[in-house]
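Asker: Chains as they are written, first to last, in the working numbering: chain G, 75 to 616; chain Y, 5 to 198.
Possibly wrong hints are sitting among the right ones.
To be verified - If you want the ones that stay clear, here's a sample from chain Y, every Cβ over 10 Å from chain G, calculated:
id, residue
1, 9
2, 12
3, 13
4, 27
5, 52
6, 57
7, 75
8, 82
9, 83
10, 95
11, 99
12, 102
13, 158
14, 164
15, 176
16, 194
What the hints assert, rightly or not - Okay, the calculated beta carbon distance ranges per label pair:
id, chain 1, residue 1, chain 2, residue 2, range
17, Y, 154, G, 420, 37 to 45 Å
18, Y, 154, G, 209, 40 to 48 Å
19, Y, 164, G, 202, 33 to 41 Å
No lab work stands behind these hints: they were computed from the structure. Small disclaimer: the values here were computed from a predicted structure and weren't measured. For glycine and all other residues, C-beta sits at the position ideal for the given N, C-alpha and C.
Each chain is listed here by its residues.
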Amino acid sequence: MATSPTPAAERENYLNTEYGIRSWLLTTDHKRIALLYLLLITFFFFIGGFFALLIRLELLTPAGDLVQADTYNKLFTMHGQVMVFFFLIPAIPAVLGNFLIPIMIGAKDLAFPRINLFSWYLLVIGGLLMMYTILTGGADTGWTFYPPFSTAFAKSQVVTAALAIFVAGFSSILTGLNFIVTIHRMRAPGMTWSRLPLFVWANYATSIIQVLGTPVLAITLMLVALDRLFDFGIFDPQRGGDPLLFQHLFWFYSHPAVYIMILPGMGVVSEVVSCFSRKRIFGYKFMALALIAIAVLGFLVWAHHMFVAGISLYAALVFSLLSYLVAVPSAIKVFNWTATMYKGSISYATPMLYAFGFIGLFTMGGLTGLFLAALGVDVHVTDTYFVIAHFHYIMVGGMVMAYIGGLHFWWPKISGRMYPEAWGKLAALIIFVGFNLTFFPQFVLGYLGMPRRYWQYSPEFQVLNVLSTAGATILAVGYVLPMVYFLWSMRYGKVADENPWGAAGLEWMTASPPPIFNFDETPVVTWEAYDYANLKEVAVEP
Amino acid sequence: MGMWVFLITEIMFFGGMFTAYMVYRYMYYQAFVAGSEKMDFWWGTINTVVLICSSLTMALAVRSSQIGQRKALVVLLIITMLFGCVFMGIKAIEYTGHWKEHQFPGTNFHFEGPDPQHVEIFFSLYWAMTGFHALHMLIGIIIVGVIAFYSWRGKYGPDYYNPVENVGLYWHFVDMVWIYLYPLLYLISHKHGG
Chain G
75 MATSPTPAAE RENYLNTEYG IRSWLLTTDH KRIALLYLLL ITFFFFIGGF
125 FALLIRLELL TPAGDLVQAD TYNKLFTMHG QVMVFFFLIP AIPAVLGNFL
175 IPIMIGAKDL AFPRINLFSW YLLVIGGLLM MYTILTGGAD TGWTFYPPFS
225 TAFAKSQVVT AALAIFVAGF SSILTGLNFI VTIHRMRAPG MTWSRLPLFV
275 WANYATSIIQ VLGTPVLAIT LMLVALDRLF DFGIFDPQRG GDPLLFQHLF
325 WFYSHPAVYI MILPGMGVVS EVVSCFSRKR IFGYKFMALA LIAIAVLGFL
375 VWAHHMFVAG ISLYAALVFS LLSYLVAVPS AIKVFNWTAT MYKGSISYAT
425 PMLYAFGFIG LFTMGGLTGL FLAALGVDVH VTDTYFVIAH FHYIMVGGMV
475 MAYIGGLHFW WPKISGRMYP EAWGKLAALI IFVGFNLTFF PQFVLGYLGM
525 PRRYWQYSPE FQVLNVLSTA GATILAVGYV LPMVYFLWSM RYGKVADENP
575 WGAAGLEWMT ASPPPIFNFD ETPVVTWEAY DYANLKEVAV EP
Chain Y
5 MGMWVFLITE IMFFGGMFTA YMVYRYMYYQ AFVAGSEKMD FWWGTINTVV
55 LICSSLTMAL AVRSSQIGQR KALVVLLIIT MLFGCVFMGI KAIEYTGHWK
105 EHQFPGTNFH FEGPDPQHVE IFFSLYWAMT GFHALHMLIG IIIVGVIAFY
155 SWRGKYGPDY YNPVENVGLY WHFVDMVWIY LYPLLYLISH KHGG
């Protein structure tokens, strides 16, 4: 840009078009709804993180001395439920997806803007129910709600927790529905499926999982609630009920759920890696197909959570094989990101640091998934800290890094301001160090035999636990930093122009922040995705 | 398209219960036969006919909206609602009967015959599945009512009948769920004349 850009405040955009709380709470603008979600899930991230800190505090010493055993059960249950259903599942789709998908496809908004707002309110209601659950003692069943404990013996707030998640689930379903219809029906002229950014493909695949899988969780939780409220006995072994049926139904959703969490992150990484290598993504077709393959295969592996639960050896063999299969498309993606960087012109802006972190940590988490998919190894390490480390590597080392990296990448677009780059890099480094210090020892702990969900442990595990807790405090600092400087940047950050990164994609061809209807004129797309070689700047007058 | 996607989620929702049903029926077939014999065949059959008729009137209503026949549209929607209410009424009669016969699971459950705890599972599924179905019926009746009101106000015609179509899709779906529920709950090993 030859001249310095007009600050957002002087130009009409989605942020300053209307002021006042009603204009936010009754908005149907997908960009404002994305920010509403940002506030909501950040709040829940803190709640879930608070429980994590308490867990790690307790685990500083081998004895159970901070809280009682029952309380500890509630801590890890609430940590899991809040983090999974009120942070991880919504995060990238509801914040970044909501904001970016219409812009990336050249549309004015999502297909159903009012349903979009309704989805947000559903998450609020679910959140209120979850806060009520927490304030009245919480559930202690583990986030997995296994009966017969959850139905017949738990004396905690199981029903309200189930209800909270039920409501949040519908928020997820409606978001997925909205995205599917939007991506099918509202692409701008020339925006063919094969020109879609991979971030859109990733959210599309995610939405398919959300739409197909979440209802099964909904009905399963309802059955648990009915069992508890009316003593139905559907899962009561003494009355012929089958607790394993619950596990099958639960994991039929909850395994695909983890792909709901990670696929959007992969979409972010594709955008970031391509931009900061100044190269088109290697193997676009395979990347898109890999996303769909992960979504489909992800529905076929659920019983790998049940290898020691009493399923037959033959079933275990089949699920083990399928679990190995689902690793293949994920690996293809990692290789393709690497190939994208090869002979690219790499720069190390903060989002790229997070993408590097994702690629490395997701790979480690994914590889340890293969350990767990091996039947013999699983018998040894299941229900130990090995599993905990495995999924935290993917969810925290993978997804949360992708989320934060994505926030940094698109922050100028969302706010019209740049975050302070030096602080960004520093926070990324602190998070990376803190993360590894927290979770790598847990792999070792699990392998050495420390069980999960135990509030006391054998003294020889203490050193590793102390390291893990130390890492957690560092990690916490790392997470707080971006919150502080993002807020700071909204007032004092450098004003951003349309395309501060020189990135490809329709979102970078409109003003930062975008006007209310995203573009001054509907774009007509005549170029392929990631066209870094011939980066055209379609002049859209701010 | 949005309504179709939503209905797919509803299939998955009810699908969870159908899965549970399949598993337990496989495990406890005789108990399921015994439970099914306690269902009132005639009420269930009448309800099935009622719902099929309601789907007919709903489809005719959609047709009326497409060709701009406002009066017929309103009348057909109201008849659809009435059929729905009849269905709910008959379910109320059935539920009351089952309740009185101690066929609601829990401490009050009582069944004379072999394997009562497995029959209790049949009834758990009966109440859960028909209960959620009835809830969907109720929501459907209300929504059809809303559409009937707007139709009376002249909101729909050949150029804009989308909501009527969508509500029609939803109504047909709820009907279809019942079409599956009826044989699975009422007709297990049913012999004619029972």
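Asker: Against this structure, judge whether each hint is valid.
Answerer: Each hint tested on the structure:
no.: 1; hint: 9; in the structure: 5 Å, violated
no.: 2; hint: 12; in the structure: 6 Å, violated
no.: 3; hint: 13; in the structure: 5 Å, violated
no.: 4; hint: 27; in the structure: 5 Å, violated
no.: 5; hint: 52; in the structure: 23 Å, holds
no.: 6; hint: 57; in the structure: 29 Å, holds
no.: 7; hint: 75; in the structure: 30 Å, holds
no.: 8; hint: 82; in the structure: 27 Å, holds
no.: 9; hint: 83; in the structure: 30 Å, holds
no.: 10; hint: 95; in the structure: 17 Å, holds
no.: 11; hint: 99; in the structure: 13 Å, holds
no.: 12; hint: 102; in the structure: 13 Å, holds
no.: 13; hint: 158; in the structure: 23 Å, holds
no.: 14; hint: 164; in the structure: 17 Å, holds
no.: 15; hint: 176; in the structure: 19 Å, holds
no.: 16; hint: 194; in the structure: 23 Å, holds
no.: 17; hint: Y:154 <-> G:420: 37 to 45 Å; in the structure: 58 Å, violated
no.: 18; hint: Y:154 <-> G:209: 40 to 48 Å; in the structure: 42 Å, holds
no.: 19; hint: Y:164 <-> G:202: 33 to 41 Å; in the structure: 37 Å, holds
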